[in-house]
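6 protein chains.
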Amino acid sequence: MPVSTHPNAKPGIVVRTIPRTPMDRLTPLADYGVATVHEAIGRRGLMASSLRPIYPGASIAGPAVTVSVTPGDNTMIHVVVELCQAGDVLVISPTSPCEDGYFGDLFATALKARGVQGLIIDAGVRDIRTLHEMGFPVWSKAVCAQGTVKESLGNVNVPIVCGGHPVEPGDIIIADDDGVMVLARGRIDEALTAAKARAEKETRNRARFQAGEVGLDVYGMRETLARKGLVYVESLSDLEGN
Amino acid sequence: MPVSTHPNAKPGIVVRTIPRTPMDRLTPLADYGVATVHEAIGRRGLMASSLRPIYPGASIAGPAVTVSVTPGDNTMIHVVVELCQAGDVLVISPTSPCEDGYFGDLFATALKARGVQGLIIDAGVRDIRTLHEMGFPVWSKAVCAQGTVKESLGNVNVPIVCGGHPVEPGDIIIADDDGVMVLARGRIDEALTAAKARAEKETRNRARFQAGEVGLDVYGMRETLARKGLVYVESLSDLEGN
Amino acid sequence: MPVSTHPNAKPGIVVRTIPRTPMDRLTPLADYGVATVHEAIGRRGLMASSLRPIYPGASIAGPAVTVSVTPGDNTMIHVVVELCQAGDVLVISPTSPCEDGYFGDLFATALKARGVQGLIIDAGVRDIRTLHEMGFPVWSKAVCAQGTVKESLGNVNVPIVCGGHPVEPGDIIIADDDGVMVLARGRIDEALTAAKARAEKETRNRARFQAGEVGLDVYGMRETLARKGLVYVESLSDLEGN
Amino acid sequence: MPVSTHPNAKPGIVVRTIPRTPMDRLTPLADYGVATVHEAIGRRGLMASSLRPIYPGASIAGPAVTVSVTPGDNTMIHVVVELCQAGDVLVISPTSPCEDGYFGDLFATALKARGVQGLIIDAGVRDIRTLHEMGFPVWSKAVCAQGTVKESLGNVNVPIVCGGHPVEPGDIIIADDDGVMVLARGRIDEALTAAKARAEKETRNRARFQAGEVGLDVYGMRETLARKGLVYVESLSDLEGN
Amino acid sequence: MPVSTHPNAKPGIVVRTIPRTPMDRLTPLADYGVATVHEAIGRRGLMASSLRPIYPGASIAGPAVTVSVTPGDNTMIHVVVELCQAGDVLVISPTSPCEDGYFGDLFATALKARGVQGLIIDAGVRDIRTLHEMGFPVWSKAVCAQGTVKESLGNVNVPIVCGGHPVEPGDIIIADDDGVMVLARGRIDEALTAAKARAEKETRNRARFQAGEVGLDVYGMRETLARKGLVYVESLSDLEGN
Amino acid sequence: MPVSTHPNAKPGIVVRTIPRTPMDRLTPLADYGVATVHEAIGRRGLMASSLRPIYPGASIAGPAVTVSVTPGDNTMIHVVVELCQAGDVLVISPTSPCEDGYFGDLFATALKARGVQGLIIDAGVRDIRTLHEMGFPVWSKAVCAQGTVKESLGNVNVPIVCGGHPVEPGDIIIADDDGVMVLARGRIDEALTAAKARAEKETRNRARFQAGEVGLDVYGMRETLARKGLVYVESLSDLEGN
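Protein chains in written order, with our numbering: chain B, 1222 to 1463; chain X, 1222 to 1463; chain Z, 1222 to 1463; chain A, 1222 to 1463; chain W, 1222 to 1463; chain S, 1222 to 1463.
Hints may contain errors.
Just so you know, same-sequence chains aren't split out, so a pair can sit in one copy or run between any two.
Unchecked claim - Each computed EDC-like pair below joins lysine to aspartate or glutamate, with the alpha-carbon atoms no more than 20 Å apart:
1. K1422 / E1411
2. K1417 / E1260
3. K1422 / D1252
4. K1417 / E1303
5. K1417 / D1252
6. K1231 / E1372
Hints in this document: simulated from the structure, not taken from any laboratory. Computed from a prediction, not measured in an experiment: that's the story for all the values here.
Bound conformation, chain B alone (with noise of 0.2 Å):
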């Protein structure tokens, strides 16, 4: 697993700023959410189904805040915290697969403070219950209250890999009970408009098939099944005479 993906970035980086986007072009994405903004984007951007929410019925959307850790160590995120702005997402990844518990109320409560939407992180966390009762959305491959060392440095806003994707500084976060996935700043607007669409045919095949219809009809799908080979039987016994 990369330290970091930038070829310059050496352990005890930080880079002070990241670009971003103005939160209202972010809010609908979130609404959107995951499942219909990855389909409308084309499939690309999601992360690992190993990824969870600690509790569900969060969802956001916001630009990442990146920090590389070395495992067993939560030197950065102390570093971080004071880098982060209203609506950013904090997105940690560590050096090699880890699952200890990095992260807790404590830091929660300094990152609510600024207004950080929430985590993703491709490790462990821990407090989860009072996490819940704050507000303050963790989406994690573990729960695991091991605590960690503050011995090593790692890096700041530097381009990282969470949940087997790329995420650059500054990239677009979505995350909800669907799972987490990355959007790339230079894609909003071409997400924005394909969500939009996607979402609203959705709405009216929606009403299609609550209304009985089927796919094979809504997606114009049987002439095409029927030349790939696409044969009915009545029933299982018929099967037995081929």
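Following the hints, complete the assembly by docking chains X, Z, A, W and S onto the known chain B.
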């Protein structure tokens, strides 16, 4: 993993009808629950514990409509919808392990409009928040926003393996918070009788346990255990002289 | 995996009594919670994070009544019930990895009647909906309806390993949404004092974090980090010239 | 996981004989190998890839003698030995997941004395160095020195599920370095013919590939791919203007 | 996972000496092998089967020199080297799960120069080709080229848990192709006697099995099985009328 | 998991050429090996340790020809073959996790005819015995006989993620028994210099270790460790009075 366990079921064959059992005979099985029916029937038919409900509290029993899909391809789910009837339980299994999100709220809308009770899928599912709001229960191996394509044929209503267990079309699926089981259609009467007996016995035993009795007496185990060599000592330090 | 870590504990030996600690000394440990006590005591005693609560919100602390069972066999759980007392926490571990549902609502009824607080089991559990309704918390490795037999002897109240950690009978088990830990009986006073101190410090720090301070200052990390070579640059593009 | 998929197979029932196929019809299947036969027969019957050989290079094909065991209990393996004949392949599956070492060199000695070809076990095996020296191949889920008990009845020669796939007694098991597959007895002729055809075609194609041709031409894929929209650009930078 | 199971072992404490057992008493244990000794001693002390040898064929027995390391940090392996003696077996466990490559050929060179027999590590190892060429056997959880840092203190020669099993410094480690076990120092005589008896019995039984006898007779199981209800039928079709 | 990390790489786009590096600059990297180059270059670029060689002893370094495939579909591997040149290393990743056997001996024949050095695939491979005999090395996540279809478009020579790490077409892949790493093309000189220096230092240090020196002196760690609080006691019993 099997495409299908039926020797003549080449990909592309769709069986229109399954044998269906009147719902009034199935509802009691859902009430007894998976743990009770599974015990009562001699511990057969349990699917792997990796199949988990996307939300707690649902409990269903109904005939299996089976679907064999290729990895990352939901073509056959579109095919199956119009063949489903009220009370059915959809059972979907990929021909090789896959955690993609084959199924979301649009499918659920179409199936709910037909009275389908729920879905068992040995793969991934998405839109889980909406599915919860709709009250369409799903037992799946994963939650994953990754979409699927519509390119490859599979099968509908042929025998499949799901959660490590063979399922014949029309077999009875029972699912609740404890997991998912499959019951051969020909054993429903036996299951109803045995589950009723077991539930009644459990009710009697529950009263005895609540009154302070223990299984050693309730199940008459003391003598057997003594014969097998069970030995009591007062405290751990009594072992030192052994 | 060990049958038992005690050199003289052959299968079939049952130790009737464990050293018990007055509950008024244990309740505060449950209130502090696993993450705080575990940190306070020097990060020892955490069980593996694969042990998860079957429902959120429970929080317990009590003396461990230990049970070593063979795979797929719950004989010894029947044996242990009458040896349990109010406040106890049952800790069950199989002699080799197994996810069967060793434990269900009947056992919980018998144990609750004795005032047992809950169960830690490095295996499977079932009837989880009823257990939730009863308010009998369980931390387990799996939920599984698969039943067990009553054929093989194991041990009660000998040292075992559960969740990767050794447990002596009478050790204090603390469990909540963050996981499960075991505390040596002889360290309770130390744990109470240290957890109280830590909790108070956390309260003070929480206020500071809420007020906008960061860990770099609260924990005085800036100088050390600078000495280790932490370097700030303004933006990612500043790295290009490196 | 199923105890057994046969509705009347209560634990304790042993079926003495299985339908056996003359070895001269099976040996060619071992020579073609799992990958070729599995493709040729329409991709049915593959067991899960978690079943791996304990040493490379073995290759067998023979009728399945099936055994259903309880977790951590090898009673039924003792029962099955005298029912085995030359050429048989033993297939063992536990009623719930277990990695104990059910099988070691003594069993292998007894089976080899009867001409049994090898073992497929969806659990653990031990004495693997001796098994290798003896030339008794095993495909297993784990290597584990943990022994088992002799307490609980299971079944011999009833239908089981192994490696996620149903196996009928007498079905043909084919196993090599690529994994394990099961072939219905009634499909042997079809498999021999299809595998022969496929192997011959592969030989022809191998010569073409060796001569520098590519699958696009050998399989005539170019036109289809173009129609599906395959687009060639010269270098990655050509994508920028998209 | 425990930092250490010793109540007074704070990180940073190094114990210089362990109790060592003369090698002539240990070598026979390596010859008997893990499966035999583990059975003979009553099935205690087996580490998890996730610990696998990096190459087949090695077989060792020696006193455990224990090391507790933090995740991704090999400081304490540097500390332990000079404390090792001929015949020792190094046993390393991280304080939380980690698969980094803590150990490579340079460490092996230093240890081999001291006569250390091999390494058991519940984490990752690298340079495995060179280790094989050197004949320095390692049983590990992973092979991983990821290096580690030298920042955090751990412990040497305090009790640890490795592969799910507690290890006291000076305990005897036995490892071969079947896995790894730990034997309490005080049980060596018992183990030698019991393993010898078992090996002799196995030799006698092997001859009987080779001559065609079966376990049902060799172990006198027929009567017990009949009493438990074992039933023989001739063929599967005989079950239909059940 | 990403279809592709390139914003404009829609499925179906094939890039014909990659930047290639002369082999005489790459061969030394294979000789240094993954562990050495990875350390030397600052620990970046390591793929997940789940990618393992199908046989030991192979060692390669070459430019990455990248392929993004859909789950269970090897269309794009057919497309890529004619674009490969001598020395290339094929790197294949599915758009969502899949263990199907995408690749077998026919592909290897075609690629070997073009001088391709080997394959890295974050999925399954088959025909591994033949691949070994041919001397065509593969690092894969699984061995699996399950075949794939030819229905869906993917990408060739666009940026992908493989083994959790981003790979650009033309990046240098280095693979041996310790795993797989990716090196940015622009860092080859740095890698050659650093790996040479590291290898020379290791040779010097190896001699010192062989002569009995330890890392504490070779790396000058004693003072730092003492300052961090490392404490030596003579035996475990000395801890009791703590």
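Report task. With 20 Å as the alpha-carbon cut-off, assign the pair K1417 and E1303 to within, between, both or neither. Result -> The answer is neither: 35 Å in one copy and 29 Å across copies each exceed 20 Å.
Query raised in the report: How would you label the pair K1422, D1252 (within, between, both, or neither) given a Cα cut-off of 20 Å?
Result: within (16 Å within a copy, 39 Å between copies)
Report task. At 20 Å max between alpha carbons, let me know whether K1422 reaches E1411 within a copy, between copies, both or neither. Result -> within (16 Å within a copy, 48 Å between copies)
Query raised in the report: Given a CA cutoff of 20 Å, do K1417 and D1252 count as a within-copy pair, a between-copy pair, both, or neither?
Result: within (10 Å within a copy, 43 Å between copies)
Query raised in the report: Is the C-alpha distance from K1417 to E1260 at most 20 Å within one copy, between copies, in both cases, or in neither?
Result: Intra 11 Å, inter 44 Å, cutoff 20 Å: intra-copy only.
Query raised in the report: Given identical chains, is K1231 near E1372, meaning Cα to Cα at most 20 Å, within a copy, between copies, both, or neither?
Result: Answer is both: 16 Å inside a copy and 17 Å across each meet the 20 Å cutoff.
Violated hints amount to a single one, hint 4; each of the other numbered hints is respected by the structure.
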